[in-house]
Amino acid sequence: MTLDIVRVDRVRAYPPRVTAFTQRFWDSVAQGRLETTVCEDCGKLSFPPKTFCPHCWSTRTRWTGLSGHGRLYAQTMIHAAPAIFRDEAPYRVGIVDLQEGLRIATRLLSDEAPKLDTPVEIVTLLYTDGPLFAARPNG
Amino acid sequence: MTEAVAILGTAALPVGKWQTAPGVVPAVLEHEVLAKLVMEAMADAGVDKSDIGSMIFSLARPYTQQKYFATFMANYLRLPCAGSVAEIMGNGMTAALAFQGAVDEIRLGKAKVALALGVNFETATSSADHMMSSMRTTGDVDFHVPFGFTPISWYAMDAARYIHEFNSSREELATVAVKNRAHAVLNPIAQYRKPITLEQVLAQAPIVEPLGLYEVPGRADGAVCIVLASEDVARATGRPYARLRGQSFFHEGAHQINEVPNDMIALIAAQTAGRAAFAQAGITPADIDVAELYAPCTIVEVLASEAFGLVPRGQGARQCAEGQTSLGGRIPICTSGGLQSRGHPAYVTPFYSFVEIADQLRGRAGARQVEGARLGMTSAELGNYNAAMVHILEAVQ
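For the record, the sequence lines run as chains A and F. The first sequence begins at 1 in our numbering and counts up one residue at a time. The second sequence begins at 1 in our numbering and counts up one residue at a time.
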C-alpha cells in the first residue's frame, strides 16, 4: 500500500528526533509507506514502532506495513498555538483508528470539520527538510 | 489504612497573576508568599512548629529562580524535619501526589504532622512561550508534538467525541463554565469572579474547537499550604477537621491516547480509581455531598463526573445544564469555581481542591457552603485522565 505524497513548501516547525531505530519509519514515510512493528511472539502491533513489544515485553519484533486506511475517531481545530506553530494556526488535528487496530494522532487535512467515524487515509507530507504524515477524508 | 490522617489547617493564595517579570522592583517572590501561608495554615491547625516532621512540596515551575526549593524553604523556615523534605512532580497530578506523600509520612509513622505545600508561579511568561514547553508534556515529542498538539487540544477532541456519541452540544457543555463561574463569584480566592451568561461563553474566541476562551482554563499563579496530622493529634486540638477515608490511584498505561483503540471518553483510569476509593471508604458515589474534580475544560468535568458515577454516563452535560451539579443541586461539583474560574495554577491546582473540600467539611465555605456536607471527594489526573487519583474525605466536627 502506498501513501499519496503531498509536498509542503516549507520546513517542519518541530521535526521529530530520528534514532538509528526510528530512521526506517521516517525513511519509509518519505517514500510513501506507513510501517510499524509487530511482535513475533504475541502477534500484536504497536505504534509508534518499538524495539520491544509493549504488550508482552518480548524483544522479538519486526517491521510490517500498514494500509494507511482508517476512521476518524476525534478531531479539533487548534487556534491558540505554541509560538513555533503560530504561523500555521488555525490548523486541524485528529485521532485516527487504523484498519489494523492501531490508534494514532496526527495532522488532519480538511477545510471543514469531517464527521467523526468518517473514513480517512494517511498521506505523506514531504516538507523541504523531511517527512511527516497526516490524515485526510477518503473519498 | 493504618493510622487515620486528617486535614487540620489550610491557607491559600487567591489565584491570579502574582509573578513579576525578571528585574521588576518590587518583585513578588515564591518563598515569601509560601512562608506567609505556612504561618496562616499552622495558626488554622492549632499545632506547634515543633510537631512538624515532614514537608512535601509540589515542584515549582521552571520559571522559579530558586532551585532546590524544598531544602531552601527548610532553611528559610528554620524547620528541622525527622521525616522527609522533598519535591514531587507528576504533571497536573503534582499537588495530589505531594498531598499523598504527606499522608504517607503520617501513615508510616515518620511524622505526626506533615505539611503538603507548594507554589506555582508562571504568569510572567507568555502563553505562546509557555506552550513551547507544555506541548512537550502532553504527548510523544516525536510522534505527536510535530503535528502541533497542545495540552487542551486532547480535551477538545474528547468534546468532539462526546458530542458525537451522546448527541450533546457545545451549548450543553458550555453550561459547565457558567455554573463554575457562578460558584467562583462566591469564592474570595477565585481568579475570575464576574458572573457570565451562556451567550457570553459561546461568544468567546475559539481556542481549540469546539471550546472557546471561557471553556478552557486561564493561566494563573497560586500557592497553598495544607497541614496534615494523625487523627489523635487532630482530635487533641478540639478543632473540626477532615478525615481521609479513602484514596486510590490508577494509571492505565497509556499517555493521551491508547494505541489500542478504546473508549477514550470513558476515562478508564478515573472509573478504576473511583471504584477503589469508594470501596475503601465503604460508600457509593451517591453518598458524596460535594466533589471537587480536576477538570481543566468543561468537557473534562462532564467526563470525570460520569466516570466517578456522580452522574449517569452520557448525562453529565445535560445534568449540569439542569442545575443538578450546581450549589443547591443534587450533587454540587466544583463549588470553588473549578479550573476555569477558581483558576488553574497547574502544579498546585489539586491543593486548591483539598482546600475547598476541607472548607466545606469544616462548615466554613461561607456562601458556597453545601448544607450539612459530610463526605467530599477530590480527583486529580495526568495526560487525558490516563491516570487518576481520588481522595474521599469525611467531616469530623
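Rather than coming from a laboratory, the hints here were simulated on the basis of the structure. Where is the CB? At the ideal position from N, CA and C, for every residue including glycine. Please note: incorrect hints may appear among the correct ones.
Which stretches of chain A does chain F cover? Using the computed rule of at least three CB atoms under 8 angstroms from a CB of chain F, they are [unchecked claim]:
(1) 8-14
(2) 38-52
(3) 58-68
**Report entry** Which numbered hints fail
**Finding:** Of the numbered hints given earlier, the structure breaks just one, which is hint 3.
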